[in-house]
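I would like the entire structure built from these sequences, with the hints used as guidance.
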Amino acid sequence: MRRGLKVSLVALTGTALTLTAAGCGGKKAATSDQKTVKVGLAFDVGGRGDQSYNDSAARGLERVKKELKVTTEEISAKQDEPDADKESRLRLLAGKGYQMVIGIGFAYTAAVLKVAKDYPNTKFLVVDADQCKVSGANVLGACFSEEQGSYLVGAAAALKSKTGTIGFIGGVNVPLIHKFEAGYDAGAKKVKPGIKVLPGKYLTQPPNFDGFKNPALGSEAAQGQLDQGADVIYHAAGGAGLGVIKTVGAAGKWAIGVDSDQYAQPALAAVKNQILTSMVKRVDLSVYDFVKSVGDGTFKAGTKQYNLANDGVGFAVSGGHMDDIKAQLDDLKAQIVAGKIVVPTE
Amino acid sequence: MSKKVPAWQAVLRGLGPRGMALRIGAPVLALLISLGITMVLLRVTGADPVSSVQAMVDYGTTPNSVVDILNRATRYYLSAVAVAIGFRMALLNIGVDGQYRLAALLAAALAGALSLPAPFGQILTIVAAMVVGGLWAAIAGVLKVTRGVSEVLSTIMLNSIATGLIAYLLNPKRLAEMRPGSNNIATPQVPSSGRVGALNGALSAIGIDLPGRLYGLLPVAIVVGIVFWVVVNYTRFGFDLKVSGLAPGAAEASGVSAKKMIVVTMVTSGAIAGLIGMPELLGASYEYSLNFPAGLGFTGITVALLGRNHPLGIAFAAVLFAFLDQTSDVLQEVEVPKEIVGVMQGVVVLTVVIVYELVRRFEIRREQRAVAGELATGHDLARAGKGR
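If you read the sequences in order, they're chains A and B. Counted the way full-length UniProt numbering counts, the first sequence spans residues 1 to 346. Counted the way full-length UniProt numbering counts, the second sequence spans residues 1 to 388.
Think of the hints as simulated: they come from the structure by calculation, not from any bench. Nothing here was measured: the structure is a model prediction, and the numbers come from that model. Treat the hints with care, as some may be off.
As the list claims (entries may be wrong) - Derived CB-CB ranges, DEER-like:
{"#": "1", "chain 1": "A", "residue 1": "Gly-224", "chain 2": "B", "residue 2": "Phe-298", "range": "27 to 35 Å"}
{"#": "2", "chain 1": "A", "residue 1": "Lys-96", "chain 2": "B", "residue 2": "Phe-298", "range": "27 to 35 Å"}
{"#": "3", "chain 1": "B", "residue 1": "Gly-164", "chain 2": "A", "residue 2": "Gly-339", "range": "39 to 47 Å"}
Said to hold, decoys possible - Reference listing, derived: stretches of chain A covered by chain B, where coverage requires no fewer than 3 residues with Cβ under 8 Å from a Cβ of chain B:
{"#": "4", "segment": "62-75"}
{"#": "5", "segment": "87-94"}
{"#": "6", "segment": "118-131"}
{"#": "7", "segment": "172-180"}
Ideal placement from N, C-alpha and C gives every residue a C-beta, glycine not left out.
Below is the structure:
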């Protein structure tokens with residue numbers, strides 16, 4: 001009996017949906033205007049508004065829209081979704097006639113490679129390509145030397161610390177974030193061998209990716225490191241890092257931002273004077289470069305490394321808190337670019 | 001029959017109206033209401049509700065989407081059945097999430113290390129997953145009967161413990177393997193002899209051509225549904241299960257050991273939970289990695305509620321949820337935040353649950369009024385009895 005009614009229930013919704021759909025065909029705006037160049041971008045967990053990683057990508061997209069006059073479309077990821085979801089998201093964009101499709105975050109690597117095969121005329125970019133390896137004549141992978149930028153902000157942290165103790169907070173315990181910690185640690189110890197770098201605190205363990213999203217976790221971890229005497233704390237925790245910066249800022253200590261120049265982020269305006277610097281990862285640059293190269297026909301498949309040498313990573317100087325040590329950091333930077341210092345990644 | 005069942009129990013056990021008209025009326029009403037609310041919500045967010053729904057239907061019916069929806073529904077379905085088994089006796093297994101993740105990880109490690117000829121490797125992997133899921137759930141069952149620990153609390157805690165345990169085990173020093181420079185950590189790949197092929201081949205033989213890869217283990221979900229239905233309706237165990245849920249006192253008096261039932265139900269629920277990850281592991285990912293779908297256990301709770309714990313109801317609920325999740329991406333194209341889909345799902349479940357409960361109460365009140373009326377007129381109920 002109950003089965004019968006369930007059938008009718010589903011049939012009914014189906015009919016209702018079909019009816020509504022049929023009732024208004026043609027109202028939808030035409031999206032297949034072939035003349036405009038269209039760029040589709042799929043965000044990583046956290047999406048637009050994380051004031052950090054995804055927002056850096058969003059800035060790239062904005063710039064592309066303004067300077068190169070293309071239509072853009074964004075779709076964000078859900079938490080804990082399987083690869084198939086990412087695949088169908090990219091397929092949706094490619095299938096709608098977007099000439100360029102961008103996946104933000106290493107989790108998109110496999111999906112991009114798979115979908116790219118089915119859409120040979122569409123160009124794909126995957127930022128933070130896993131293992132920095134891609135394949136296919138229409139795929140570009142952008143890789144970043146986060147450890148190099150982290151090395152410089154690590155040096156800055158050590159130079160600015162009064163207590164001699166500094167901290168690091170990572171979002172999720174994955175190899176990508178280990179690179180940030182390794183560089184930070186090495187940079188700090190290079191300029192001040194006696195500095196105490198607290199053991200890196202990771203907010204969550206995979207497969208729980210809350211650590212890139214939940215600011216409350218960041219606040220709590222930051223408080224913990226403040227209590228242990230840290231007076232400069234660097235975070236690589238995406239959206240959760242907002243909690244780190246706010247807590248550290250409220251305590252009157254130095255926070256170091258990540259990915260975007262977080263001094264300039266509106267959501268952090270209240271504590272921006274406590275943001276010493278940010279390790280800038282130019283995801284926006286990689287997005288812009290990609291769209292531009294496709295536009296002027298210079299697109300090259302393969303991978304592209306963004307590092308200190310091509311300013312793909314670096315440190316922000318907004319706020320002027322770095323003025324007194326900038327020369328010192330630039331010297332370190334020159335040594336890394338020249339290959340005299342090799343920054344560890346583990 | 002006038003003994004009042006608390007609303008939450010009625011909701012969990014899937015009690016609803018018993019009269020024919022109301023049985024058909026209640027879900028129709030609920031869906032109309034939720035469709036209406038959804039339309040209003042879309043309007044409020046500034047979108048055109050009609051074209052939004054049309055975009056969803058258009059996208060959801062493309063062959064690629066159909067395959068994705070069916071795959072997704074398979075995961076949701078197994079998860080919801082695992083939950084529903086507990087719900088049937090008012091046992092809240094919130095720990096399905098931890099049970100299936102842990103089971104999938106250990107089964108993946110086993111499958112990656114095995115190289116057995118075709119059917120044995122797969123069977124062993126699946127059985128191992130069910131055993132792991134069952135054992136992990138058994139902890140909560142045993143704690144409940146020996147120590148009186150609420151299964152809600154213990155399973156929630158066991159979820160956290162499972163997460164920690166997985167993070168510990170999914171490490172190059174233990175069950176995972178190192179891939180230099182990779183941000184992903186995964187167990188060794190399942191060898192090709194241990195995999196389950198896609199269903200597409202079998203389907204194209206009967207004239208249905210689908211792109212992509214449909215889970216080879218999709219039929220397992222159907223079998224689980226049928227077994228669940230048969231066991232609940234036609235076996236001693238199913239009867240004991242229902243009675244223990246409806247009237248623990250009566251069950252105890254008629255010789256059903258409540259303690260045994262609790263443990264057995266938890267283990268069964270956990271064993272089914274162990275199956276959740278199998279279609280993905282053996283049919284698509286071939287490894288347990290950071291990208292392995294997580295959180296399915298919680299989706300299962302909602303799907304089971306919506307499906308009223310009935311195998312067919314759950315099937316429709318799973319497909320509906322899979323459809324909504326699959327098509328959420330397309331909403332962003334018509335400038336609607338995809339999070340609205342979560343709201344839609346919540347609206348559907350709440351409306352269905354509330355409407356069912358209200359209709360059930362309305363029916364009870366109507367019956368009581370009828371009985372009271374007949375008593376007042378001195379009508380002999382016993383004699384008039386069957387004619388009511």
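Item to complete: Kindly indicate which numbered hints from before are broken by the structure, ordering the numbers from low to high.
Response: none
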